[in-house]
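Trainee: Letter by letter, the chains look like this.
There are 2 protein chains.
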Amino acid sequence: MKPPYYAVIFTNLQTNNTEGYTAMAEKMEHLAKQQPGFLGMESARDHLGITVSYWKTTAAIKQWKQNLDHLEAQQKGRSLWYSWYRTRICLVERDYEFTAS
Amino acid sequence: MKPPYYAVIFTNLQTNNTEGYTAMAEKMEHLAKQQPGFLGMESARDHLGITVSYWKTTAAIKQWKQNLDHLEAQQKGRSLWYSWYRTRICLVERDYEFTAS
Chain A
119 MKPPYYAVIF TNLQTNNTEG YTAMAEKMEH LAKQQPGFLG MESARDHLGI TVSYWKTTAA
179 IKQWKQNLDH LEAQQKGRSL WYSWYRTRIC LVERDYEFTA S
Chain B
119 MKPPYYAVIF TNLQTNNTEG YTAMAEKMEH LAKQQPGFLG MESARDHLGI TVSYWKTTAA
179 IKQWKQNLDH LEAQQKGRSL WYSWYRTRIC LVERDYEFTA S
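Sequence lines, in order, name chains A and B.
In terms of the working numbering, the first sequence opens at residue 119 and continues consecutively.
In terms of the working numbering, the second sequence opens at residue 119 and continues consecutively.
Misleading hints may appear alongside valid ones.
Since copy identity is lost for identical chains, a pair holds within one copy or between any two.
As the list claims (entries may be wrong) - Subject to a maximum C-alpha distance of 25 Å in a straight line, what follows is the list of computed PhoX-like cross-link-like pairs (lysine-lysine):
id	residue 1	residue 2
1	K120	K145
2	K180	K151
3	K194	K120
4	K120	K180
5	K174	K120
6	K120	K183
Derived by calculation from the structure, the hints in this document are not laboratory data.
Make a model of the complete structure from these sequences and hints.
Mentor: Next up, the structure:
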């Protein structure tokens with residue numbers, strides 16, 4: 119991953135209904151990794167959930183958004199699992215890394 | 119917050135030494151909110167920590183990076199609290215939101 123590439127920042131709040139959520143999240147992560155242009159994914163949750171996925175191009179993001187299994191997951195997300203979310207499509211212009219010696 | 123604006127995605131792994139970390143994180147959040155061009159901040163942690171801050175311009179990001187108190191926090195982060203981190207500077211091109219009705 120060398121900039122420029124794209125990041126999708128997905129921040130969300132869950133409802134009290136988490137039935138089926140974990141299985142679907144794992145399925146979607148597995149499926150995302152198989153998509154053309156997929157570069158990586160990072161997630162964390164405490165009160166707020168943040169998932170950032172990385173992609174080569176906006177075309178790859180669009181293709182993943184329109185994947186049929188993913189569309190079904192998005193629909194269930196809106197009707198069952200999420201009370202709120204925001205999705206941001208971003209161009210990663212620069213990055214730098216630190217690793218403790 | 120209407121695109122275009124900037125996001126700084128900070129993903130990190132902590133060391134076992136968390137002494138002073140929470141106080142510093144709270145201090146930095148408080149201070150960041152006072153900076154010119156600051157738009158917002160979202161954080162989550164389980165194994166991985168993800169903090170995303172939002173800014174009007176790259177100049178605002180640079181100014182915050184060079185803030186003296188923040189420089190001290192960054193130095194302590196590298197020597198004490200983080201075993202690894204990656205910082206990404208991103209242009210937010212599009213965003214959309216969902217709120218359950």
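Trainee: Each hint needs a verdict: does it hold in this structure or not?
Mentor: Here is what the structure says about each hint:
1. K120 with K145: Cα proximity of K120 and K145: none, with 27 Å in one copy and 32 Å across.
2. K180 with K151: Within. Shortest intra-copy distance 15 Å satisfies the 25 Å Cα cut-off; inter-copy 33 Å does not.
3. K194 with K120: Neither: 34 Å inside a copy, 27 Å across copies.
4. K120 with K180: For K120 and K180, the Cα distance is within 25 Å both inside one copy (21 Å) and across copies (21 Å).
5. K174 with K120: both (10 Å within a copy, 24 Å between copies)
6. K120 with K183: For K120 and K183, both the intra-copy (23 Å) and inter-copy (22 Å) Cα distances are at most 25 Å.
Checked against the numbered hints given earlier, the structure breaks hints 1 and 3 and satisfies all the rest.
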